[in-house]
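Q: Work out the full structure: start from the sequences and follow the hints.
Keeping their order, the protein sequence lines are chains A and B. No gaps in the numbering here: position 151 of the first sequence is 151 in the UniProt record's numbering, and each next residue is one more. No gaps in the numbering here: position 44 of the second sequence is 44 in the UniProt record's numbering, and each next residue is one more.
These are calculated hints, taken from the structure and not from any lab test. Don't take every hint at face value.
List time: in silico DSSO-like cross-link candidates among lysine-lysine, alpha-carbon distance up to 30 angstroms [stated by the list, open to error]:
no., chain 1, residue 1, chain 2, residue 2
1, A, Lys-152, B, Lys-7
2, B, Lys-7, A, Lys-139
3, A, Lys-139, B, Lys-13
4, A, Lys-150, B, Lys-43
5, B, Lys-109, A, Lys-152
6, B, Lys-109, A, Lys-42
7, B, Lys-3, A, Lys-139
8, B, Lys-43, B, Lys-13
9, A, Lys-24, B, Lys-43
10, A, Lys-136, B, Lys-97
11, A, Lys-41, B, Lys-125
12, A, Lys-189, B, Lys-7
13, A, Lys-42, B, Lys-125
14, B, Lys-109, A, Lys-41
15, A, Lys-136, B, Lys-109
Residues of chain B clear of chain A, computed beta-carbon distances all greater than 12 angstroms [to be verified]:
no., residue
16, Phe-23
17, Asp-67
18, Ile-103
19, Glu-104
20, Ser-148
21, Arg-162
22, Pro-171
Simulated restraints, written as ranges between beta carbons of each label pair [to be verified]:
no., chain 1, residue 1, chain 2, residue 2, range
23, B, Asp-152, A, Arg-36, 34 to 42 angstroms
24, B, Arg-162, A, Ser-37, 35 to 43 angstroms
25, B, Arg-162, A, Ser-196, 42 to 50 angstroms
26, B, Ser-82, A, Ala-177, 26 to 34 angstroms
27, A, Thr-76, B, Ile-40, 13 to 21 angstroms
28, B, Leu-12, A, Lys-189, 18 to 26 angstroms
29, B, Gln-105, A, Ser-124, 16 to 24 angstroms
30, B, Pro-100, A, Gly-38, 26 to 34 angstroms
31, B, Pro-171, A, Asp-34, 45 to 53 angstroms
32, A, Pro-9, B, Asp-152, 51 to 59 angstroms
In this text, a Cβ means the ideal position worked out from N, Cα and C, and glycines have one as well.
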Amino acid sequence: MAIKLHGQPWSNNTVRAMTVLNEKGLDYVLCPVDLRSGGHKKPEFLALNPFGQIPVFQDGDGSVFESRAITRYVATRYKETGTDLLSASSAALETWLQVEGSQFNPPMFRIIFELGIKPLIGMSTNMSVVENESDKIGKVLDVYEAHLAKNKYLAGDEFTLADLNHMPEIYILSKSAKFDLIDSRPHLKAWWEDISARPAWKKTAVSLPF
Amino acid sequence: MAKGQHKSPDFLKLQPFGQVPAFQDELTTVFESRAICKYICNKFPEKGNQTLMGGGDGGLLSRTSVDQWLEAEGQSFIPPSSALVFQLAFVPMFGFKQDPAAIEQNEAKLANVLDVYDCRLGESKFLAGDDFTLADMAHLPNGHILVSKNEDLFMSRKNVGRWWEEISARPAWKKVVEMQNAPQG
Numbered sequence: 001m002a003i004k005l006h007g008q009p010w011s012n013n014t015v016r017a018m019t020v021l022n023e024k025g026l027d028y029v030l031c032p033v034d035l036r037s038g039g040h041k042k043p044e045f046l047a048l049n050p051f052g053q054i055p056v057f058q059d060g061d062g063s064v065f066e067s068r069a070i071t072r073y074v075a076t077r078y079k080e081t082g083t084d085l086l087s088a089s090s091a092a093l094e095t096w097l098q099v100e101g102s103q104f105n106p107p108m109f110r111i112i113f114e115l116g117i118k119p120l121i122g123m124s125t126n127m128s129v130v131e132n133e134s135d136k137i138g139k140v141l142d143v144y145e146a147h148l149a150k151n152k153y154l155a156g157d158e159f160t161l162a163d164l165n166h167m168p169e170i171y172i173l174s175k176s177a178k179f180d181l182i183d184s185r186p187h188l189k190a191w192w193e194d195i196s197a198r199p200a201w202k203k204t205a206v207s208l209p210f
Numbered sequence: 001m002a003k004g005q006h007k008s009p010d011f012l013k014l015q016p017f018g019q020v021p022a023f024q025d026e027l028t029t030v031f032e033s034r035a036i037c038k039y040i041c042n043k044f045p046e047k048g049n050q051t052l053m054g055g056g057d058g059g060l061l062s063r064t065s066v067d068q069w070l071e072a073e074g075q076s077f078i079p080p081s082s083a084l085v086f087q088l089a090f091v092p093m094f095g096f097k098q099d100p101a102a103i104e105q106n107e108a109k110l111a112n113v114l115d116v117y118d119c120r121l122g123e124s125k126f127l128a129g130d131d132f133t134l135a136d137m138a139h140l141p142n143g144h145i146l147v148s149k150n151e152d153l154f155m156s157r158k159n160v161g162r163w164w165e166e167i168s169a170r171p172a173w174k175k176v177v178e179m180q181n182a183p184q185g
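A: What follows is the structure in structure tokens.
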């Protein structure tokens with residue numbers, strides 16, 4: 001059975017899954033879920049993800065929801081294919097995977113949802129949310145900046161899943177007026193330039209509507 | 001933390017975000033509670049409960065199910081439950097006024113999440129499958145406070161109630177609660 005990814009290319013969480021599939025050089029079919037008509041709340045979709053959210057990943061072995069569980073599954077199942085995305089110490093990898101999910105993503109998602117995603121789905125941007133969340137995320141990004149001054153990648157010397165999981169949101173931010181959040185921090189900027197120059201990422205980026 | 005120790009230079013070396021917990025062993029430092037849990041499970045695969053991260057006969061898919069439900073906990077359960085814990089437990093403790101709108105909004109969000117859990121726990125003994133795993137365990141800290149303040153949220157849902165009683169009766173959890181209740185020395 002071919003790999004199927006149920007989602008939308010304007011959804012940062014779907015893009016996270018697309019990114020790992022391209023890093024691994026895996027073919028997949030993107031099956032659009034029509035959120036406007038409530039496709040994500042239909043019984044067939046809820047059977048795949050009871051939370052009614054995209055993306056959902058399916059291959060011959062099983063079905064996975066939650067984008068970070070999907071990227072972890074693909075990185076592990078296909079460890080010997082393409083780049084090994086788990087090549088770091090357990091402590092550093094687990095720490096920075098969690099930092100992305102609990103420190104970086106909540107404020108960053110709110111910013112890029114307002115600036116990057118809402119315009120694509122016919123909703124209007126709330127600039128006060130953007131300003132509020134930009135203030136909050138500054139402190140988090142300062143920690144990243146100090147960490148990347150001493151580490152080439154988040155979990156050490158190699159590009160890993162910990163770096164990859166950040167890519168959709170930073171890319172969407174890079175298309176917005178708030179990219180100075182990254183651009184003004186030299187080590188963050190250098191890290192982003194490095195990881196976004198990866199051929200697999202370029203392949204992902206050209207397929208996106210941002 | 002009342003004295004700002006979590007923002008002291010020494011602590012920031014362990015945890016640069018200035019938050020608790022931080023874990024240290026002879027090899028390294030780990031922060032972020034779920035990372036600490038996974039690190040400990042990876043470091044001691046032969047000790048105590050050996051199915052906390054799935055694996056075993058279920059292999060990768062069983063581990064992935066744990067990852068999946070642990071992500072659901074972090075992304076869907078934690079935001080409304082933490083907001084409620086803050087309003088129901090910490091705000092009164094510090095002598096501030098509760099925000100009824102925040103309580104109502106977050107109870108509604110949490111109710112939606114618990115409805116999904118109730119369905120899942122009708123088909124599966126624990127969130128990730130047949131075994132108690134990190135995915136269930138991660139719910140204990142906020143769950144404990146929420147149930148003490150408003151047990152209806154969990155106990156009015158048959159399967160969530162059954163699951164909660166089972167996971168909160170585990171001796172390892174009871175040991176944690178005892179430590180929380182012990183006088184601070």
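Q: Are the hints correct? Go through all of them and say.
A: Now for the hints, and whether the structure bears them out:
Proximity of Lys-152(A) to Lys-7(B) is assessed by CA-CA distance (about 26 angstroms); at most 30 angstroms being required, the pair is judged to hold. With a CA separation close to 13 angstroms, the supplied pair Lys-7(B) and Lys-139(A) stays within the 30 angstroms bound. With a CA separation close to 16 angstroms, the supplied pair Lys-139(A) and Lys-13(B) stays within the 30 angstroms bound. For the proposed pair Lys-150(A) and Lys-43(B), the alpha carbon gap of about 26 angstroms is at most 30 angstroms, so the pair holds.
Restraint check for Lys-109(B) and Lys-152(A): the C-alpha separation of about 40 angstroms exceeds 30 angstroms, so the hint is violated. With a C-alpha separation of about 20 angstroms, the suggested pairing of Lys-109(B) with Lys-42(A) holds against the 30 angstroms cut-off. Proximity of Lys-3(B) to Lys-139(A) is assessed by CA-CA distance (about 21 angstroms); at most 30 angstroms being required, the pair is judged to hold. Between Lys-43(B) and Lys-13(B) the alpha-carbon distance is near 23 angstroms, which keeps this suggested pair within the 30 angstroms criterion.
Distance check on the hinted pair: Lys-24(A) and Lys-43(B) sit about 28 angstroms apart at the alpha-carbon level, within 30 angstroms; holds. Note on Lys-136(A) and Lys-97(B): the hinted pairing holds, with a Cα-Cα distance of about 24 angstroms set against a maximum of 30 angstroms. Restraint check for Lys-41(A) and Lys-125(B): the C-alpha separation of about 24 angstroms stays at or below 30 angstroms, so the hint holds. Annotation: proposed proximity of Lys-189(A) to Lys-7(B) holds, straight-line Cα distance about 26 angstroms (limit 30 angstroms).
Using a Cα cut-off of 30 angstroms, the hinted pair Lys-42(A) and Lys-125(B) holds, with the two alpha carbons roughly 25 angstroms apart. About 16 angstroms separates the Cα atoms of Lys-109(B) and Lys-41(A), which keeps this hinted pair within 30 angstroms; it holds. Using a Cα cut-off of 30 angstroms, the hinted pair Lys-136(A) and Lys-109(B) holds, with the two alpha carbons roughly 23 angstroms apart. At the 12 angstroms boundary, the C-beta of Phe-23(B) falls inside the reach of chain A, the nearest C-beta of that chain being 9 angstroms off.
A beta-carbon of chain A comes within 12 angstroms of the beta-carbon of Asp-67(B); the shortest separation is about 4 angstroms. Look at Ile-103(B): its CB is around 20 angstroms from the nearest CB on chain A, clear of 12 angstroms, so calling it non-interface holds up. Consistency note on Glu-104(B): stated as away from chain A, and its beta-carbon is indeed over 12 angstroms from all of that chain's, at 21 angstroms minimum. Listed as a non-interface residue, Ser-148(B) keeps its Cβ farther than 12 angstroms from every Cβ of chain A; the least gap is roughly 24 angstroms.
At roughly 18 angstroms, the least C-beta separation between Arg-162(B) and chain A is larger than 12 angstroms, which holds for a residue marked as non-interface. Consistency note on Pro-171(B): stated as away from chain A, and its beta-carbon is indeed over 12 angstroms from all of that chain's, at 26 angstroms minimum. For Asp-152(B) and Arg-36(A), the hinted distance range of 34 to 42 angstroms is satisfied, since their beta carbons lie about 35 angstroms from each other. In this structure, Arg-162(B) and Ser-37(A) meet the distance hint of 35 to 43 angstroms, their C-beta atoms being roughly 36 angstroms apart.
For the pair Arg-162(B) and Ser-196(A), the supplied restraint of 42 to 50 angstroms holds, since their beta-carbon distance comes to about 48 angstroms. Distance hint for Ser-82(B) and Ala-177(A): a CB-CB separation of about 31 angstroms, consistent with the stated range 26 to 34 angstroms. Separated by about 19 angstroms at the C-beta atoms, Thr-76(A) and Ile-40(B) satisfy the suggested range of 13 to 21 angstroms. Here the CB-CB span from Leu-12(B) to Lys-189(A) is close to 23 angstroms, well matched to the stated 18 to 26 angstroms.
Against the hinted window of 16 to 24 angstroms, the Cβ-Cβ separation of Gln-105(B) and Ser-124(A) comes to about 22 angstroms, which satisfies the hint. In this structure the supplied range 26 to 34 angstroms holds for Pro-100(B) paired with Gly-38(A), their Cβ-Cβ distance being about 31 angstroms. Taking the beta carbon of each, Pro-171(B) and Asp-34(A) are about 49 angstroms apart, inside 45 to 53 angstroms as hinted. A C-beta distance of roughly 42 angstroms is found between Pro-9(A) and Asp-152(B), which places it outside the suggested range of 51 to 59 angstroms.
The earlier numbered hints that this structure contradicts are 5, 16, 17, 32.
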